[in-house]
Amino acid sequence: MYLLSALAWYFKMKLPLILTTWLAFFSHNATSTEFVVVVNKNNTINTLSKREVIDIYMGRYLTFPDGELAQPLDLPSDSQFKNDFYLQLVNKNEQKINAYWARLLFSGRAKPPVAANSIEDALNKLYNSPYSLGYIPIEQLTDNVKVVYRFNEN
Amino acid sequence: MFYRFIMAVALFSTCLANNSYANDIKAQFSGFASLALSYSDNKDIGFAASYLNKNDTGWSATRDSIIGGQANITLAKNWDSVVQVVLQDHANTDFDSFLELAFIRYRPARNWAIRAGRLNSDLYLLSEYPHVGYAYLWVRPPHEYYSFASAGGHFDGVDIEYSQAINDGFLRLKLAAGNTTAKLKASGDDFFIDFDNLITFSATYALDAWTMRFSVSRTELGGYKLASLDEFINLLDSVPPYIWPQAAALSASFNTENHTIEYAALGVTYDNDNWLIQSEVGLSESGWLAVSSNLNAYLSVGYRLDSTTLFAGISISENRHKPTDVTPAQFPPGTPRQISLPVQQLAFAAKDAADRLVVHQHSINIGAKWPISDNWALKAQIDHFDIKPTGGGLWSINNAVDVGKRHKVNVFTFSASVVF
Chain A
21 MYLLSALAWY
31 FKMKLPLILT
41 TWLAFFSHNA
51 TSTEFVVVVN
61 KNNTINTLSK
71 REVIDIYMGR
81 YLTFPDGELA
91 QPLDLPSDSQ
101 FKNDFYLQLV
111 NKNEQKINAY
121 WARLLFSGRA
131 KPPVAANSIE
141 DALNKLYNSP
151 YSLGYIPIEQ
161 LTDNVKVVYR
171 FNEN
Chain B
9 MFYRFIMAVA
19 LFSTCLANNS
29 YANDIKAQFS
39 GFASLALSYS
49 DNKDIGFAAS
59 YLNKNDTGWS
69 ATRDSIIGGQ
79 ANITLAKNWD
89 SVVQVVLQDH
99 ANTDFDSFLE
109 LAFIRYRPAR
119 NWAIRAGRLN
129 SDLYLLSEYP
139 HVGYAYLWVR
149 PPHEYYSFAS
159 AGGHFDGVDI
169 EYSQAINDGF
179 LRLKLAAGNT
189 TAKLKASGDD
199 FFIDFDNLIT
209 FSATYALDAW
219 TMRFSVSRTE
229 LGGYKLASLD
239 EFINLLDSVP
249 PYIWPQAAAL
259 SASFNTENHT
269 IEYAALGVTY
279 DNDNWLIQSE
289 VGLSESGWLA
299 VSSNLNAYLS
309 VGYRLDSTTL
319 FAGISISENR
329 HKPTDVTPAQ
339 FPPGTPRQIS
349 LPVQQLAFAA
359 KDAADRLVVH
369 QHSINIGAKW
379 PISDNWALKA
389 QIDHFDIKPT
399 GGGLWSINNA
409 VDVGKRHKVN
419 VFTFSASVVF
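Protein chains in written order, with my numbering: chain A, 21 to 174; chain B, 9 to 428.
Calculated from the structure, these hints are not laboratory results.
Certain hints may be false.
Under 7 Å between C-beta atoms, here's a sample of chain A residues computed to sit facing chain B [what the hints assert, rightly or not]:
hint, residue
1, R80
2, Y81
3, T83
4, D86
5, P96
6, S97
7, Q115
8, A119
9, A122
10, S127
11, G128
12, K131
13, R170
14, F171
With a straight-line Cα cutoff of 35 Å, these simulated DSBU-like cross-link-like pairs (lysine-lysine) come out [as the list claims (entries may be wrong)]:
hint, chain 1, residue 1, chain 2, residue 2
15, A, K70, A, K145
16, A, K70, B, K51
17, B, K182, A, K112
18, B, K62, B, K416
19, B, K34, A, K61
20, A, K131, A, K70
21, B, K85, B, K233
22, A, K112, B, K34
23, A, K166, B, K85
24, A, K131, B, K233
25, A, K145, B, K191
26, A, K116, A, K61
27, B, K51, B, K34
28, B, K413, A, K116
29, A, K70, B, K193
30, B, K191, A, K61
31, B, K51, A, K131
32, B, K62, A, K131
33, B, K413, B, K193
34, B, K85, A, K131
35, A, K116, B, K182
36, B, K62, A, K116
37, B, K233, B, K396
38, B, K396, B, K330
39, B, K85, B, K416
40, A, K61, A, K166
Heads up, the beta-carbon is just placed ideally off N, CA and C, and yes, glycines get one too.
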């Protein structure tokens, strides 16, 4: 009887905490940040497929599909956004992406995306360069850039 | 000569990129390093991570240590250049031996790239970045597969690449042509080997977690530079056939003239979630005695536990043909000792040299890689090598009596790799 009371107390007091922790864990792993991929407003590209975003962000092609130079931007490493973006894009965490880019850079094949200092810095670069391609959380989207890919569309 | 000119232009553009007069040329500098301490526990047989490096036994802080710097220079739209210098424990210390990349690239269209100058080979999965320890699991690429491959790691020439997205995958085809000189040391003397008319074709296909590469290569052996080998071949040529019929055949086998090396390789990588599995198989066919015709292969399995990756692997390199059997000279009764003794000594030297060049070894390894920051990784690895009798071609063996013995070697290595 005492044991049942103790279990009841435990679940009443601790279960919400456990559930919260698990939800937080899974929401973290599920990378709930919703990103949009954006370009400069003057870029003639209006839409990209996920495959085309992967091709540019993984250094396979150095240009947009129309042949114009593409300069991809990364958000800062310590923001968690970069990790979330690559998990959603190619199912690789930032550690794997760093090793991947070490391979590409030092094989002379391609240079990694330019690292922005913050989301604001990324938006400034996108605003100022017709070649830039970036990703930002959808809640930070402004009218100064053009959305070319949304992750929930496929 | 043309490729030397391109290399000079690439090096010049690196200097120019630092100059304020060249506002339109943009340069980006980066680098990598591995600082390693290792111990090889067999004092009879010297170990080197690469065929081009010094062999030694016991403790070493230079055996697997490497530092490299790279400049990526944007010259104009569709034109760029890459220069890479890698310092490591090479036996030959000419600047030329440390210059890994110096090319100019033109991209005429999205799918095409043409490079000329000093280029990296595309033969193996790791052959474009064998020095970048941060980029792979091990403290060094598998010895059986990559040690001799380092002799042709870069070449001076031209390559053309076509790349194309195919459904969810990505295909790269590359055709390369050029030449290279492997710069080694033999008993303290320069030993240079020219590989001429090198042609390589490779196809790489990446699909989700899989990457596959198939390549074929062929090269003609050009000249060589090694005074003692000249002398040795001249001595073999001077032996009358009726005394030692095999001398002429051995002379032709030791000489580089009219010999080719062919190579085919297949590699697969699977990198998904917690598993990182990689395997390559290569077949070589060589008419030159100094390069044995081999079957090389390895399998490596890594498993990620949080950020740490534990790995284990097995590698083999086996001679595909029966090693050259040096038969003793036959002397007619009454042959003066002044004639028979030098020929017998020559036959003994020929047998020793032929036996030393055969590669036949197996190894297993276990280890771990710990990333400690965005750009640093620590690694620890233990290798156990089993070198068969007359199979130590990748090792340095001082005493002739040890060439025919079986050797077992353990190599313990701890390293820190960084990219910057």
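For each hint, the structure was consulted:
no.	hint	in the structure
1	R80	5 Å, holds
2	Y81	6 Å, holds
3	T83	5 Å, holds
4	D86	9 Å, violated
5	P96	11 Å, violated
6	S97	5 Å, holds
7	Q115	6 Å, holds
8	A119	5 Å, holds
9	A122	4 Å, holds
10	S127	3 Å, holds
11	G128	4 Å, holds
12	K131	6 Å, holds
13	R170	19 Å, violated
14	F171	17 Å, violated
15	A/K70 x A/K145	22 Å, holds
16	A/K70 x B/K51	57 Å, violated
17	B/K182 x A/K112	27 Å, holds
18	B/K62 x B/K416	20 Å, holds
19	B/K34 x A/K61	25 Å, holds
20	A/K131 x A/K70	21 Å, holds
21	B/K85 x B/K233	43 Å, violated
22	A/K112 x B/K34	30 Å, holds
23	A/K166 x B/K85	24 Å, holds
24	A/K131 x B/K233	39 Å, violated
25	A/K145 x B/K191	47 Å, violated
26	A/K116 x A/K61	32 Å, holds
27	B/K51 x B/K34	50 Å, violated
28	B/K413 x A/K116	43 Å, violated
29	A/K70 x B/K193	52 Å, violated
30	B/K191 x A/K61	54 Å, violated
31	B/K51 x A/K131	44 Å, violated
32	B/K62 x A/K131	33 Å, holds
33	B/K413 x B/K193	24 Å, holds
34	B/K85 x A/K131	15 Å, holds
35	A/K116 x B/K182	26 Å, holds
36	B/K62 x A/K116	33 Å, holds
37	B/K233 x B/K396	30 Å, holds
38	B/K396 x B/K330	14 Å, holds
39	B/K85 x B/K416	55 Å, violated
40	A/K61 x A/K166	5 Å, holds
When each numbered hint is compared with the structure, violations occur for hints 4, 5, 13, 14, 16, 21, 24, 25, 27, 28, 29, 30, 31, 39.
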